[in-house]
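Participant: What follows is each chain in one-letter form.
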Amino acid sequence: MLDAEKSLVKGAVGGEASAFGLLYDYYQPKIYRFVLMKVGRREEAEDLTHQVFLNAWQNIKNYESRGFPFSSWLYRIARNQVIDYYRAIRDEVPIEEVSPESFAVPASVHIDFDKGVELRKIRSAIQLLDPVYQDVVIMRFVEDLSIKETAAILDKSEGSIKVIQHRAIKKLKTLIS
Amino acid sequence: MDVLELLKEFKKIEPDKNYTLKSKMEILGAISNEKKLWSFMWPSLRLSTATLITGFLIMVIFASFSIIKFSAPVKFSSLDPISLKAEAEAIDIQINLAKLGYENPVSIVNQTTTVKIGDRKNESGIRNSNQEQVLSKTSEATEQEQPPLSIDETLRILSR
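From first to last, the protein sequence lines are chains A and B.
For the first sequence, position 20 (counting from the first letter as 1) is numbered 20 according to our numbering, and the numbering increases by one without interruption.
Numbers given in our numbering equal positions in the second sequence, counted from 1, plus 1000.
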């Protein structure tokens, strides 16, 4: 963790809203992307991201730095939030009744048509992976987190993260082709 | 195109700026409002809690007094003075009747007097003078034992 981040986290833990505001500005896009890749819909991703940061701010006094970046803690909250979201959906709507359009990637990025088609295919393929595989793919290849940090967030050893990463990419390639 | 290269493209996704601003304000505002509300509410909440507890204690004290008041006649009805007096009188009569049935009144008087004085002697350490009194009392009692004289005998004695 950088010294600047350390002091911001310390301030936020002490109840400084401005310090937490700066942490929000820095980490919110990352958490939003992670959640969006997991749930696939912009509205849900916005609601869940909002909930993640609200929970973080409400429980920041319980935060303990264990040598990992502050983002590790936020990703953990986000993962739990997404798990709760899918649990609620499973209880409410059978998965067969959910329309395929609802999983479409929103057109929030200006990209060319061909690339857009490719991205939609990858996005759909990621949706078909196991949740842990999804987490590893997003954290390692979208957010560029280190293996060590990914292992800390997912509460797994670095070795198992390497194995999961290898299997996830292999399966993703199979699904796209 | 390589899968890993395509995955990097997702990094370009950004949340809506209006949403970001609104969400941030709501999160930080909600907490600070909560804190402000709590700091405002706390003193009045503390006062009302103290008042509530005091009121409750007063109610408990009054309730306990009323319970004692209402339950007392039920609990102590056997201690009614009139019935107790009647009962005590009944017991005395039974004793007197029993004694009258079995003992001579004169000897009762004699015994009682002797015992009483004798008890006093033993208890308070009264000496010879008291013993004499006991003897004299005893002789008086023996005199009382003689049968009563008839009128003729009395006149005869008086004419001597």
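Don't take every hint at face value.
In silico SDA-like cross-links for lysine to any residue, where the CA-CA straight-line distance does not exceed 20 Å [what the hints assert, rightly or not]:
{"no.": "1", "chain 1": "B", "residue 1": "K1024", "chain 2": "A", "residue 2": "S65"}
{"no.": "2", "chain 1": "A", "residue 1": "K173", "chain 2": "A", "residue 2": "R120"}
{"no.": "3", "chain 1": "A", "residue 1": "K148", "chain 2": "A", "residue 2": "E44"}
{"no.": "4", "chain 1": "B", "residue 1": "K1017", "chain 2": "A", "residue 2": "P29"}
{"no.": "5", "chain 1": "A", "residue 1": "K171", "chain 2": "A", "residue 2": "A125"}
{"no.": "6", "chain 1": "B", "residue 1": "K1012", "chain 2": "A", "residue 2": "E44"}
{"no.": "7", "chain 1": "A", "residue 1": "K156", "chain 2": "A", "residue 2": "K173"}
{"no.": "8", "chain 1": "B", "residue 1": "K1024", "chain 2": "A", "residue 2": "E158"}
{"no.": "9", "chain 1": "B", "residue 1": "K1008", "chain 2": "A", "residue 2": "G116"}
{"no.": "10", "chain 1": "A", "residue 1": "K121", "chain 2": "B", "residue 2": "K1024"}
{"no.": "11", "chain 1": "B", "residue 1": "K1024", "chain 2": "A", "residue 2": "G15"}
{"no.": "12", "chain 1": "B", "residue 1": "K1011", "chain 2": "A", "residue 2": "R123"}
{"no.": "13", "chain 1": "B", "residue 1": "K1008", "chain 2": "A", "residue 2": "S65"}
{"no.": "14", "chain 1": "B", "residue 1": "K1012", "chain 2": "A", "residue 2": "G116"}
Examples of chain B residues toward chain A, derived with CB under 10 Å [what the hints assert, rightly or not]:
{"no.": "15", "residue": "L1007"}
{"no.": "16", "residue": "E1014"}
{"no.": "17", "residue": "D1080"}
{"no.": "18", "residue": "R1156"}
{"no.": "19", "residue": "L1158"}
To be clear, the hints were calculated from the coordinates, so they are not data collected in a lab.
For each residue, glycine too, the CB sits at the ideal point set by N, CA and C.
Participant: Are the hints correct? Go through all of them and say.
Facilitator: Okay, the hints, checked on the actual structure:
no.	hint	verdict
1	K1024(B) x S65(A)	violated, 23 Å
2	K173(A) x R120(A)	holds, 14 Å
3	K148(A) x E44(A)	violated, 29 Å
4	K1017(B) x P29(A)	holds, 10 Å
5	K171(A) x A125(A)	holds, 9 Å
6	K1012(B) x E44(A)	holds, 19 Å
7	K156(A) x K173(A)	violated, 24 Å
8	K1024(B) x E158(A)	violated, 34 Å
9	K1008(B) x G116(A)	holds, 13 Å
10	K121(A) x K1024(B)	violated, 33 Å
11	K1024(B) x G15(A)	holds, 15 Å
12	K1011(B) x R123(A)	holds, 13 Å
13	K1008(B) x S65(A)	violated, 29 Å
14	K1012(B) x G116(A)	holds, 13 Å
15	L1007	holds, 4 Å
16	E1014	holds, 6 Å
17	D1080	violated, 69 Å
18	R1156	violated, 127 Å
19	L1158	violated, 124 Å
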